[in-house]
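S.K.: Sequence:
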Amino acid sequence: MPEPSAPPNSRAAGLTPQSIVIWSLVALAGAAGWAVLALSRGEEISAAWMLAAALGSYAIAYRFYSRFIAHRVLKVDKTRATPAERLDNGVDFHPTDRRVLFGHHFAAVAGAGPLVGPVLAAQMGYLPGTIWIIVGVIFAGAVQDMVTLFFSTRRDGRSLGQMARDEIGPFGGAAALIAVFAIMIILLAVLALVIVNALAHSPWGVFSIGMTIPIALFMGVYLRVLRPGRVTEVSVVGVALLLLAIVAGGWVAESSLADTFTLEPGTLVIWMIVYGFLASVLPVWMLLAPRDYLSTFMKVGTIVLLAVGVFVALPTLKMPAVTDFASRGDGPVFAGSMFPFVFITIACGALSGFHSLVSSGTTPKMVQKETQIRMIGYGAMLTESFVAVMAMITASIIDPGLFFAINSPAGVVGTTVQSASEAVANFGFTISPDQLAKAAADVEEASLLSRTGGAPTFALGMSEIFSAVVGGTAMKAFWYHFAIMFEALFILTTVDAGTRVGRFMLQDTLGNVYKPFKQVSWKPGVWFASAVVVGGWGYFLWVGVHDPLGGINQLFPLFGIANQLLAAVALAVCTTLLVKSGRLKWAWVTGVPLAWDVAVTLTASWQKIFSDDPRVGFFAQRDKYQAGIDSGQVLPPAKSMDDMHTVVTNSTVDGVLSALFALLIVVVIADAGRVCYRAIRRPADVKLSEAPYTESRIVAPAGLFPTAEEKAELVAAGLGPEGGVRKDGGTGDEVPAQAGSR
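When the letters of the sequence shown are read in order and numbered with numbering that gives the first Met the number 0, they come out as residues 0 to 741.
Keep in mind that the hints are not guaranteed to be accurate.
The calculated DSSO-like cross-link candidates involving lysine-lysine, where the alpha carbons are at most 27 Å apart (straight line), are [claimed, not checked]:
{"#": "1", "residue 1": "638", "residue 2": "77"}
{"#": "2", "residue 1": "686", "residue 2": "74"}
{"#": "3", "residue 1": "686", "residue 2": "517"}
{"#": "4", "residue 1": "77", "residue 2": "623"}
{"#": "5", "residue 1": "77", "residue 2": "584"}
{"#": "6", "residue 1": "317", "residue 2": "514"}
{"#": "7", "residue 1": "710", "residue 2": "77"}
{"#": "8", "residue 1": "584", "residue 2": "686"}
{"#": "9", "residue 1": "623", "residue 2": "74"}
{"#": "10", "residue 1": "74", "residue 2": "710"}
{"#": "11", "residue 1": "726", "residue 2": "710"}
{"#": "12", "residue 1": "686", "residue 2": "514"}
{"#": "13", "residue 1": "638", "residue 2": "623"}
Derived Cβ-Cβ restraints for the label pairs, each shown as a range [to be verified]:
{"#": "14", "residue 1": "21", "residue 2": "720", "range": "19 to 29 Å"}
{"#": "15", "residue 1": "433", "residue 2": "18", "range": "50 to 60 Å"}
{"#": "16", "residue 1": "209", "residue 2": "513", "range": "49 to 59 Å"}
{"#": "17", "residue 1": "584", "residue 2": "513", "range": "36 to 46 Å"}
By construction, these hints were calculated from the structure, which means they are not laboratory data.
Don't be surprised by glycine CBs; every beta carbon is placed ideally from N, CA and C.
Assemble the whole structure, with the sequences as input and the hints as a guide.
M.R.: Right, dumping it as structure tokens:
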């Protein structure tokens with residue numbers, strides 16, 4: 000039967016004279032922000048203009064573009080039962096309040112990318128990265144997340160790789176399954192390494208983040224057993240306990256307990272593996288969902304306060320709009336031209352393949368109503384993009400000389416403030432040795448030189464903004480170390496959720512061989528698949544922590560490209576499903592970002608494989624170090640001849656894997672094109688793996704706050720504002736429910 004018809008245009012728009020005025024003002028504010036950013040010529044401008052451009056663009060995009068996609072393209076159906084309702088087993092499938100699920104989804108997808116990617120990309124100037132963050136999320140990243148979530152929800156929460164196999168075919172599907180799972184392990188290990196580096200020797204961070212686990216368990220039991228549905232109550236209690244844990248972490252760091260919570264990197268790896276396994280096997284309502292929801296308060300709250308701080312302190316953007324490195328491609332932070340490497344470096348804030356794994360993993364198994372997919376999928380991604388904008392601001396308000404001294408490797412700037420000052424002068428910026436020493440002293444660090452990776456820079460910029468509002472210079476050290484802890488908390492939620500998603504993915508794959516694995520809550524499958532996933536990323540993490548050139552350090556250079564190649568798989572699957580489900584005229588919604596992502600990622604892959612610049616090309620780097628071995632020279636960062644051999648091995652492995660991943664993605668896209676062509680030529684032969692229509696008995700608002708219409712529906716159903724299962728067993732609609740299989 001056909002899909003439910005889209006709402007009438009007037010109702011869909013919902014525009015009154017008052018709302019037209021409001022949205023016009025929002026558009027003007029955003030346009031003013033863009034105009035100032037684009038037209039500035041060398042002068043320093045307020046960071047508030049960047050916020051205006053971002054917030055105005057996000058508001059317009061969510062109000063109009065996401066609504067268009069939800070109602071006209073996808074045609075979400077509030078009468079259709081989701082897998083969370085139909086398959087509810089209290090373990091993996093569980094109808095979850097939209098606010099809690101928004102928190103879980105945001106926390107699961109918002110990892111290291113939006114914090115550090117924009118910081119690194121700032122070496123090209125603030126403008127290229129800002130444009131990609133905002134425009135990319137509106138037309139690519141948020142679209143991918145929402146559409147993937149919709150199609151996975153319609154397919155009982157199937158993983159991305161399994162959807163590719165079901166809808167594209169065994170050949171392209173097999174390529175997708177291999178690529179997706181391999182990339183998943185790499186991404187999780189990289190994220191885990193960032194956490195270990197942030198928490199090692201930090202009793203404050205270890206205590207505060209460790210306490211979120213028992214707090215989350217309490218919240219899960221509270222919502223499930225003690226006070227079901229009382230989201231507001233548990234939120235207040237949870238946030239109060241979280242704030243207490245953060246403050247207490249500072250007390251612990253200054254007490255005799257500091258040694259107990261001061262952990263070595265190897266010990267942290269073991270604890271993270273144990274935690275990742277437990278988060279994967281325990282019922283989702285018990286630990287994962289409440290912990291992610293709790294973390295979201297910390298994440299979003301801190302970012303909102305940071306934005307308020309920008310509007311209060313009005314810091315200026317000291318980084319040029321576009322630097323010379325954008326055209327030369329020889330930046331000290333990362334080598335390569337602006338296209339494609341800015342779009343690879345900034346991943347999660349604009350477009351991230353990792354998100355598609357969560358959107359086809361934990362989240363579709365917990366959605367109450369299809370109408371909530373817009374807020375959760377599109378809305379959470381816009382929120383993460385705003386985090387990326389704030390990261391760009393923190394990198395751009397500090398002195399450019401300090402930025403390059405922090406983010407350039409020791410081989411470039413040396414190990415003393417004098418050598419760093421001289422190196423920065425060669426980049427075209429100036430900063431004195433005394434200024435470098437003072438910047439470190441202000442945050443109580445011995446040195447800030449070569450603190451690469453982006454996280455220290457974000458923390459430093461964050462301390463600049465917060466100290467300008469509260470405490471002044473005397474509070475800089477506090478805010479800097481608070482930011483380091485905040486970043487670790489920010490990233491950890493992607494590892495636990497990602498492990499569970501990896502478990503689903505592996506079970507789907509093994510289910511093609513042994514059918515019981517298809518039952519994602521089958522205990523033997525749950526334990527086995529969880530052990531394999533944590534064992535995979537845990538091994539690379541363990542080796543990487545103990546060997547600066549081994550383990551995940553070997554695969555770290557693949558992170559950005561692999562993540563964006565994964566996005567190409569997701570967009571290819573979404574485009575194929577739009578075509579197969581009779582939505583050919585709307586296929587451009589995912590087809591255009593797919594074309595852009597393919598152009599970016601395959602160009603980057605080509606350059607990383609075939610570039611003759613050893614700073615860019617893996618095989619060129621291999622040849623350089625092999626020549627050093629042949630001549631008996633030890634080249635930095637190697638410190639011995641053994642290190643030289645390791646670099647040669649790493650470069651070879653990275654080059655081969657880059658070629659393999661690119662080839663697998665080309666196979667997936669080519670096979671998807673074949674399936675789309677056949678669906679267009681012979682639509683009657685199309686077969687979809689969509690679950691049959693079942694009428695929903697759940698009534699719940701679609702957005703954060705119920706509309707007047709939704710309030711009336713809840714009252715008619717005998718329910719409170721939280722929503723729930725109808726007491727009379729009906730649908731509450733005045734018109735008959737329509738079933739939709741296509």
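S.K.: State for each hint whether it applies.
M.R.: Structure-based check of all given hints:
A C-alpha spacing of about 62 Å is found between residue 638 and residue 77, which places the hinted pair above 27 Å, so the restraint is violated. Taking the CA atoms of residue 686 and residue 74, the gap is about 19 Å. The hint holds against a cut of 27 Å. For the proposed pair residue 686 and residue 517, the alpha carbon gap of about 20 Å is at most 27 Å, so the pair holds. Taken as a hint, the residue 77 and residue 623 pair is broken in the structure, with Cα atoms around 60 Å apart against an allowance of 27 Å.
At most 27 Å may separate the alpha-carbon atoms for a hinted pair to count; residue 77 and residue 584 meet this at roughly 23 Å. Simply put, residue 317 and residue 514 have alpha-carbon atoms about 59 Å apart, too far for the 27 Å limit, and the pair is violated. As the CA atoms of residue 710 and residue 77 are separated by approximately 15 Å, the hinted pair is consistent with the 27 Å bound. Between residue 584 and residue 686 the alpha-carbon distance is near 19 Å, which keeps this suggested pair within the 27 Å criterion.
Taking the CA atoms of residue 623 and residue 74, the gap is near 55 Å; set against the 27 Å cutoff, the hint is violated. A distance of roughly 22 Å separates the Cα atoms of residue 74 and residue 710; the hinted pair therefore holds under the 27 Å criterion. A C-alpha spacing of about 16 Å is found between residue 726 and residue 710, which places the hinted pair at or below 27 Å, so the restraint holds. Taken as a hint, the residue 686 and residue 514 pair is honoured in the structure, with Cα atoms around 21 Å apart against an allowance of 27 Å.
As the CA atoms of residue 638 and residue 623 are separated by approximately 15 Å, the hinted pair is consistent with the 27 Å bound. Range check, residue 21 to residue 720: Cβ separation about 25 Å, and the 19 to 29 Å hint holds. Range check, residue 433 to residue 18: Cβ separation about 55 Å, and the 50 to 60 Å hint holds. The beta-carbon spacing between residue 209 and residue 513, approximately 37 Å, falls outside the hinted interval of 49 to 59 Å.
Restraint check, residue 584 to residue 513: a C-beta distance of roughly 41 Å satisfies the suggested window 36 to 46 Å.
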